[in-house]
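Based on the sequences and whatever the hints tell you, model everything.
Each chain, letter by letter, is given below.
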Amino acid sequence: QSALTQPASVSGSPGQSITISCTGTNSDIGFYNFVSWYQCHPGKAPKLIIYDVSSRPSGISNRFSGSKSGNTASLTISGLHPDDEAHYYCCSYTMSSTAVFGGGTQLTVL
Amino acid sequence: QVQLEESGPGLVKASQTLSLSCTVSGGSIDTTAYFWNWIRQRPGRGLEWIGNILYSGETLYNPSLKSLPTMSIDTSKNQFSLMLNSVTAADTAVYYCARSDYGVSFDSWGQGLLVIVSS
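If you read the protein sequences in the order shown, they are chains Z and W. Under my numbering, the first residue of the first sequence carries the number 371, and numbering increases by one thereafter. Under my numbering, the first residue of the second sequence carries the number 479, and numbering increases by one thereafter.
There may be inaccurate statements among the hints.
What the hints assert, rightly or not - Here's a subset of chain Z near chain W, in silico, CB distances under 10 Å, partners left out:
{"no.": "1", "residue": "Gln371"}
{"no.": "2", "residue": "Gly382"}
{"no.": "3", "residue": "Thr395"}
{"no.": "4", "residue": "Tyr408"}
{"no.": "5", "residue": "Cys410"}
{"no.": "6", "residue": "Phe434"}
{"no.": "7", "residue": "His457"}
{"no.": "8", "residue": "Tyr463"}
{"no.": "9", "residue": "Phe471"}
Just so you know, the hints here were simulated from the structure itself, not pulled from any lab data. Virtual Cβ for every residue (Gly too), placed ideally from N, Cα, C.
Below you can see the structure in the form of structure tokens.
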């Protein structure tokens, strides 16, 4: 299984919105509505921020939203805060019942 | 609230076996509701799913891994484990254990354990 494709980096200013894309195939993102997103700060465990394409766990700000179209999932962060600066990873369930992650995207808040 | 904690050696010699354990507290591992996973992050690279195990001992591994891992579960200790045989420098990584539901919602993670494979 190949890693999902994410842009290496995105940036935005405080208060702006950004979108991170995550492209897979018909065998993963395109096959199920099981896509999740994780926020990773250095030295800390990844944090689940979106699951099942667009659902937010309890305690996660509604500034984070997810969507999917075909084989591409997207994470949008609105009203950027400085502490949103982190690595973001998408993950998809696959036809083989395994999980595959994206390569990760570094978000810089200018 | 469930908590997970990895344990094991931080340094393993190349060609030897890497053995890690994950102790779960605040909830039982003996449940049909969750899968118990190992995920790693090699230096400078992204997250990589290694595999998961159910309470029953049923396992599923990442078919892209060069060497097949072995996972086991001990419900009496509320622990699950990972073994990687014949490790190489490419297995140097931070190893995480994590809980997931039916999909890929890894909602609880350990703090991570850095394992260095030395030559």
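Hints the structure fails to honour: Numbers 2, 3 and 6, in rising order.
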